[in-house]
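Each protein sequence line maps, in turn, to chains A and B.
Numbered according to the numbering used here, the first sequence terminates at residue 200, and the numbering increases by one at each position without gaps.
Numbered according to the numbering used here, the second sequence terminates at residue 470, and the numbering increases by one at each position without gaps.
Worth flagging that the hints you see were computed from the coordinates, not collected in a lab.
A few of these clues could be false.
Quick list of the computed label-pair ranges, beta carbon to beta carbon [unchecked claim]:
id, chain 1, residue 1, chain 2, residue 2, range
1, A, Thr-151, B, Leu-259, 55 to 65 Å
2, B, Tyr-325, A, Pro-146, 23 to 33 Å
3, B, Pro-420, A, Phe-194, 48 to 58 Å
4, A, His-168, B, Ser-282, 32 to 42 Å
5, B, Thr-332, A, Asp-57, 37 to 47 Å
6, A, Glu-2, B, Gly-390, 51 to 61 Å
7, A, Gly-173, B, Glu-19, 16 to 26 Å
8, A, Leu-171, B, Lys-190, 54 to 64 Å
Simulated crosslink set (DMTMM-like; lysine to aspartate or glutamate; CA at most 25 Å straight-line) [claimed, not checked]:
id, chain 1, residue 1, chain 2, residue 2
9, B, Lys-190, A, Asp-124
10, B, Lys-49, A, Glu-191
11, B, Lys-8, A, Asp-124
12, B, Lys-162, A, Glu-127
Far from chain A, some chain B residues (derived; all Cβ distances over 10 Å) [to be verified]:
id, residue
13, Arg-55
14, Ser-212
15, Asp-236
16, Pro-266
17, Asp-301
18, Arg-365
Model, not experiment: these values are computed from the prediction.
No residue lacks a Cβ here, since even glycine has one placed at the ideal position from N, Cα and C.
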Amino acid sequence: MEAFRTMDAVAVPLPRPNIDTDQIIPARFLSRPREVDHTEFLFHDARRLPDGEQNPDFALNREAWRNARIVVAGKNFACGSSRESAVWALFDAGFRVAIAPSFGDIFRNNGMKNGLLPVMLPADVVENILAQIEADPGARIQVDLPAQTVTAPDGSVHAFEVDPFAKHCLLEGLDEIGLTQSYEEEIAAFERRFGRENVR
Amino acid sequence: MSETMFEKIWQKHRVLEREDGQTLLYVDTHLLHDGGATAFDFLRNRGLKPRAPERIFATPDHYVSTSSRKVEEIEDERHREMVEKLDRNTREYGIKQFGLGTEGQGIVHVMGPEQGLSQPGILLVCGDSHTSTHGAVGALAFGIGSTEVAHVLATQTLWQRKPKTMRIRVDGRLSDQVTGKDVILAIIAKIGAAGGTGHVLEYTGSAIRGLSMEGRLTLCNMSIEGGGRAGMVAPDDTTFQYIAGRPYAPKGAAWDAALERWRALPSADDAVFDAEVSLDGSAISPMVTWGNSPEDALPIDGRIPDPSSAADAERREQMARMLVYMGLEAGTPLSEVAVDRVFIGSCTNSRIEDMRAAAAVAKGRKVAGSVRAWVVPGSEGVKRQAEAEGLHEVFRAAGFEWREPGCSMCLGTNGDIAQPGERVASTSNRNFMGRQGPGARTHLLSPAMAAAAAITGRFTDVRRLLAGEA
Ligand code: SF4
Chain A
1 MEAFRTMDAV AVPLPRPNID TDQIIPARFL SRPREVDHTE FLFHDARRLP
51 DGEQNPDFAL NREAWRNARI VVAGKNFACG SSRESAVWAL FDAGFRVAIA
101 PSFGDIFRNN GMKNGLLPVM LPADVVENIL AQIEADPGAR IQVDLPAQTV
151 TAPDGSVHAF EVDPFAKHCL LEGLDEIGLT QSYEEEIAAF ERRFGRENVR
Chain B
1 MSETMFEKIW QKHRVLERED GQTLLYVDTH LLHDGGATAF DFLRNRGLKP
51 RAPERIFATP DHYVSTSSRK VEEIEDERHR EMVEKLDRNT REYGIKQFGL
101 GTEGQGIVHV MGPEQGLSQP GILLVCGDSH TSTHGAVGAL AFGIGSTEVA
151 HVLATQTLWQ RKPKTMRIRV DGRLSDQVTG KDVILAIIAK IGAAGGTGHV
201 LEYTGSAIRG LSMEGRLTLC NMSIEGGGRA GMVAPDDTTF QYIAGRPYAP
251 KGAAWDAALE RWRALPSADD AVFDAEVSLD GSAISPMVTW GNSPEDALPI
301 DGRIPDPSSA ADAERREQMA RMLVYMGLEA GTPLSEVAVD RVFIGSCTNS
351 RIEDMRAAAA VAKGRKVAGS VRAWVVPGSE GVKRQAEAEG LHEVFRAAGF
401 EWREPGCSMC LGTNGDIAQP GERVASTSNR NFMGRQGPGA RTHLLSPAMA
451 AAAAITGRFT DVRRLLAGEA
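Excised from the complex, chain B in its bound form (with noise of 0.2 Å):
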C-alpha cells in the first residue's frame, strides 16, 4: 500500500474508468460564485438540473460592493445582475446559498473552510482555478471552466484523465515573518509558472508541517500560479483542531468516524511521486514579485533584475517588456520602490490570521501620505472576528480603509480597480498586466509585507520596520 494521498481520494470517487483512461468521477462538493451563470443558462436550455443539490454551496463574491451589503446599491447593471442571478439560481433548485450580508457570505474560497465544508479525503470542484485552496485540508480540490460546471451541476460526476504527481519539499525552519506566501512565491520562483503543469502538487516537510491553517491555505490556493493542477497538504492534528466545530463540520460519533478516515489519507511513507522537488525553508525571506508572472519574485532585499543577465534570448525579451509595463529600472533595489496603493485581501490572503498579522504592522503607525490602503476581509465571519477583535479599528486609526468582504481588486470584477500606471503592493496572486486594472502595476506579497509597504510607502522588510531599522 504505498499509495499518495491523492491517489487515495482519486481510487475512492472513480465511477468508472474507459479502456482510453478517461475517468468518471464522483463530486463529494460543488461550489458557487456569482460568476457562474453561464452554467445554469446552460443547463436550462437543455432542460436539465442540478443532480444533488443538496452537495452544492454557493456565495456571491466577484460581483459584490465593498462599499455596501445592499444587493441594490451595486451601481453597475450587468454586476448587481451576477449577484442576484446566483440568488435566483440558487433558490430555484434549493442550493444553500450563504446570500450577501449574512454570517456565511465570502470568497468562495474563504467561505469553504470556514464553514466546515472542505474536509480531507473529499473531491472538490468549483468553476475557479483557485479552487486548489481547498487542498489545504487533504482534499483533492481543483477549479473547472463553465462547460465543466455544468456538468457536475447536471451528472454530479466529471471526466479527468489522471494526473501526475509531484511532491515538493519544504524543510527547516522559517524566519520570523516568512509566511505561506513567501513560501510559495519561493516555491513558483523556482519551478516556474508552468512547473507544476499537469501535476497534483503535494506540500510536505517541516516547513509545512509548521504552517498554520491559514498558512496552508494560502500555499495551495497558488498552486494554481506554479501551473499545479490541485495543491494538498496532509490533514494532521493542525488540520482537526481547524475544523473542528465548524458549522458544516461531523459532529459526536460522526466526528469520530471522520477522524479515524482522515487519519488514513497521508500519503504512505514508500509512495512514489512522478517528480520531486525541494526547497530549504530557513533560506527563504519575505518575497515581493516584481514582473508580470508569479514565477518573478524576489527576496525583499533584492534588486529589479537586469534582461541582459537571461539565460536566452526569449527571456531577455519577456523580462524587458516587463520592466517597461512594471516601469521599473533594472537594478534598482526593491526596498527604494515606492508604491501608490496597498490591496490587502484576496482568497489568497484575506483570512483572519492575515488580518491580525497586517494589523500588528499597522498598529501605532500611520499609512504614508502618499498611499491610498485598503483593507478587505474576505468573508463575513473574518470581519466580524476582526472587528471583535478591535482590528478594525487599528487599520483606521493608522489610515487604511477597512471594507465590506468580496474578491475586490483581486480582479476588480465588481469596479475595484487601479488607475493606469498605478503600482499596488497586493497580497492576491496575480501580479498579470491588467489584472488589477487596465495598465494598473501588480506586486504580490503577504499581508504583513504589504502593511509595512503601505506604512513607508515602498516595498519594506517588516522585519526591519518592526524592530525601527526602517
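Chain A extracted, bound-state conformation (with noise of 0.2 Å):
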C-alpha cells in the first residue's frame, strides 16, 4: 500500500448526503481487476449528460477541480455496496483523502487499506469547507495525518480522530497480512483452543 502522510492539494466539493458507491463506480465496471486503471470509471455515470457527453457542470468536470485531490462530501459518503473498486477508482484518478461528517463504514475500512485517508469532522465544519472551496473554485487544504489536522482554505485548523493502528500502517504504506502474521503464535493458540468448532 501507499503510505500517506500529508498532502496540499485542491479540493473539490460533492455537497451532497448519501453519495453511495453504485455511483463512485457503477457496478457494470466491477468485473475489471485492480491491474487496470479505474480513473474513468469514477463516477462514470453521475459525470455524464443522458447523451453520454461529459456534464460541464459536474465538480470533477470543472477545469478548477481536475487536479483535486481531495474530495469534500456530504454525510454517508460511500455507503452502500462492499466494492472496494470505489476507493480504487478515486485512488487512480489521484485521490488520497476523502473528507465528510459521516461514512459507510465499510467504505472507511477499505479505504484505510489502500492509501485512500477518510477524515471525520463535525457536519458544520464540512459545511462550512464545502462553502470556502466552492466559493473559490482551486481552493486547497492542507491535511497532516501525522498531527491528525485538516486546514481549510480560511487557515482553520480542525483535528480529526484516526484509529491508531490504521493510522500507523497508512503512515508506514504496511499491508496488514504482514502484520497479522507476526501474531501467528497467538492465532495457532486460538486454535488449539477452539478447535474444530463450528467447522462443518
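Both chains come to you apart, so use the hints to assemble them.
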C-alpha cells in the first residue's frame, strides 16, 4: 500500500448526502481486475449527461477541480455496496483524502487499507469547508496525518480522529497481512483452544 | 452477566486485543462469490494460500446468466471469466463450491442459511455488504472489502475495532401482508440511511419474534441500508426449527450440544445498548420507496412528498433532484404511479416464502399488458422447491417470466438491467441512481406488493387487490 503522511492539494466539493458506491463506480465496471486503471470509471454515469457527453457542471469535470486530490462530501459518503473498486477509482484518479461528516463503514475500512484517508469532521465544519471551496474553485486544503489536522482554505485548523492502528499502517504503507502474521503464535494458540468448533 | 448477544459472540472470537483497541477476531465461516477474484490474485502475488479452506464456502451468483445454467452460454466474456475464476480458485485450494446447476448454488446470502452454514453464535464474513443477512440466525455477520477478504483467506482472522450496539424494538402485531421487508423499510425511514453507522443492530420485540426465518433474513439483509455494520435477531425455536436437518447443520449429539450453546446466546434482560430505537409494529403498512435511498420509503397510501416540506435546504435540494431522476411529481398518490417492470428476486426477497407470497397474488390473475415481470428464485434449492409446489406454473400462467437463480436485476452485473427511464417495482434492497442500469428508476417493496404492481400495472395495496377492491 502507498504510504500517506501529509497532503496540500486542491479539494473538490461534492456537497450531497448519501453518495453511494454505486454512483462512485457503477456495477458494470466491477469485473475489472485491480491492474486496470480505474480512473475513467469514477462517477462514470454521474459525470455524464443522458446523451453520454461529459456534464460540464459536474464538479470533477470543471477545470478548476481537475487536479483535485481531496474530495469533500456530504454525510454518509460512499455508503452501500462493499465494492473496494470505489476506493480504487478515487485512488487512480489521484485522490488520497476524503472528508465528510460520516462514511459508509466498509468504505472507511477499505480506504484505510488502500492509501485513501477518510477524515470525519463535524457536519458544520464540513459545511463550512464546502462553502469555502465552492466559493473559490481550486482552493487548497492541507491534511496532516501525523498531527491529525485539516487546514481549511481560510486557515482554520480542525483536528480529526483516526484509529491508531490504521494510522500506523497508513503512515508506514504497511499491509495488514504481514502484521497479522507476526501474531502467528496467538492465532495458532486460539485455534488449538477453539478446536474444530463450528467447522462443518 | 448483562452482556448483549453481540458481546458474547465478539468475546468468543477474540484472538487478541492490542492496546490501541484493535481486536483480532477469528472467523468461523467465510463465504465467497464470483465477484471476489481480486482477493485470490492478491494472495497469489504474495505466495500465500488459504489458511483454513474447510471454513470457506463459495457459489457463483453475481455474474451468472438467469436464462441458462451453462457457463459456456454466458455471453459476455468478462462475466464468464468471473464465474470460471471462482471455479478454478476453489478447485485449486480445495474450497467447497456450490457450482452452477447444482442443488446448493444460489445467491450467497440465500445459500448460507439454506445449507445450514449460517448458525447461531458464529462469526461469518463475506466480501459483500449484505452479509448482514446471516445475523438473522443469531450470528455476527458482516460484509468486508476485498483486501479484507484476502486477509481472511490468508489468516482466517480479521482486525476490527469494537462497534457500538443499537437495539431496535418492534412490538405489536403486524397487519396482514406486512412483511419483514415492510418492517425494515419502516425502520430505515425512521433512523435514516446513516442511522445505524458504526453500530451492530439487534432487532427485538414481539413483532420480530413473530417473523418467520425468511422474514428475519429479509430484515437483517437490509441492516446495511440503515448504515448498520451488522444486524441480528436472537435465536429461538423458529431459528432452531429452520436449521434442523439442513445439510451442514449439526446432527445427533452435536445438535444437542449446539442447542445448549445457542440457547445461551440471547442478550441478557439487563444488557445495555449504546442506542435504543422503538417502533409500533401494528402501525406499519406495506411500504414502497419513492427516492434514491432506502430511507425514502412511504406507506402505500402515501403521496410523493413535496420538497418544499423538507426540513432544510440540503434535503430540499436532494428531494428535488431525486424527483427529477425518478420522473415523479410531488403530491401524486403512490397508487397512481405506473410501473414498466417488476423484479421479484435478490438476496432480500427470493426465498421460498417470498415465492409463495408472490404466487398467491399472481394466482388466477394476469400481468398488465404494459409490464414485463420477472421472478428470479434465490437458489437452485428455492427453484426446485417452488417448482415442486407448482409455483412456476402459477407465475407463467399469469405472464411472469420464471428464470434461473442469481443476483440478476438487483444490480445487473450479469447484464440483466432495465432501460433508461424504465420504472421498476423491485423486491431488492437498493434504489440508488443507476443501480438497475443507467437511468433506471427503482422502487423497493415486498414480493406480494411487487406481484400486485405487476397485475395492476401500478403500485397497489396488495390487501385491496386481494379483497377485490383494486
Ligand atoms: S442479490 Fe443484489 S444485493 Fe444481494 S448479493 Fe446479489 S447483487 Fe448483492
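For this session: Indicate whether the distance between the beta carbons of Leu-171 of chain A and Lys-190 of chain B respects the range 54 to 64 Å.
Result: Violated - the Cβ-Cβ distance for Leu-171 of chain A and Lys-190 of chain B, about 40 Å, lies outside 54 to 64 Å.
For this session: With 10 Å as the threshold, tell me whether Arg-365 of chain B passes as away from chain A on beta-carbon distances.
Result: holds (33 Å)
For this session: Measure nothing beyond the straight line between the CA atoms of Lys-162 of chain B and Glu-127 of chain A; if it is 25 Å or shorter, mark the hint as holding.
Result: Between Lys-162 of chain B and Glu-127 of chain A the Cα gap is close to 29 Å, so the pair fails against 25 Å, i.e. violated.
Exercise. So does Tyr-325 of chain B sit 23 to 33 Å from Pro-146 of chain A, Cβ to Cβ?
Worked result: violated (42 Å)
Problem set entry | Proposed proximity, Asp-124 of chain A with Lys-190 of chain B (alpha carbon, max 25 Å) | Given that 25 Å is the threshold and the Cα spacing comes to 23 Å, the pair holds.
Problem set entry | Minimum Cβ distance from Arg-55 of chain B to chain A greater than 10 Å, as the annotation requires | It is violated; Arg-55 of chain B is separated from chain A by about 6 Å at its closest Cβ, not greater than 10 Å.
Exercise. Should the hint that Pro-420 of chain B and Phe-194 of chain A are 48 to 58 Å apart at their CB atoms be regarded as holding?
Worked result: Holds: the Cβ-Cβ distance is about 52 Å, inside 48 to 58 Å.
Exercise. Do the Cβ positions of Thr-332 of chain B and Asp-57 of chain A conform to the proposed distance bound of 37 to 47 Å?
Worked result: Taking Cβ atoms as reference, Thr-332 of chain B and Asp-57 of chain A lie about 28 Å apart, which means the hint is violated.
Exercise. Non-interface claim for Ser-212 of chain B: all C-beta distances to chain A beyond 10 Å?
Worked result: holds (24 Å)
Exercise. Is it correct that the beta-carbon of Pro-266 of chain B has no partner in chain A closer than or equal to 10 Å?
Worked result: holds (18 Å)
For this session: Classify the label on Asp-301 of chain B as holds or violated, using whether its beta-carbon is more than 10 Å from each beta-carbon of chain A.
Result: holds (26 Å)
For this session: Take a quick look at whether Lys-49 of chain B and Glu-191 of chain A sit within 25 Å of each other, Cα to Cα.
Result: Measuring from Cα to Cα gives roughly 17 Å; hence the hint holds.
The structure is inconsistent with the numbered hints 2, 4, 5, 8, 11, 12 and 13, although it conforms to all the rest.
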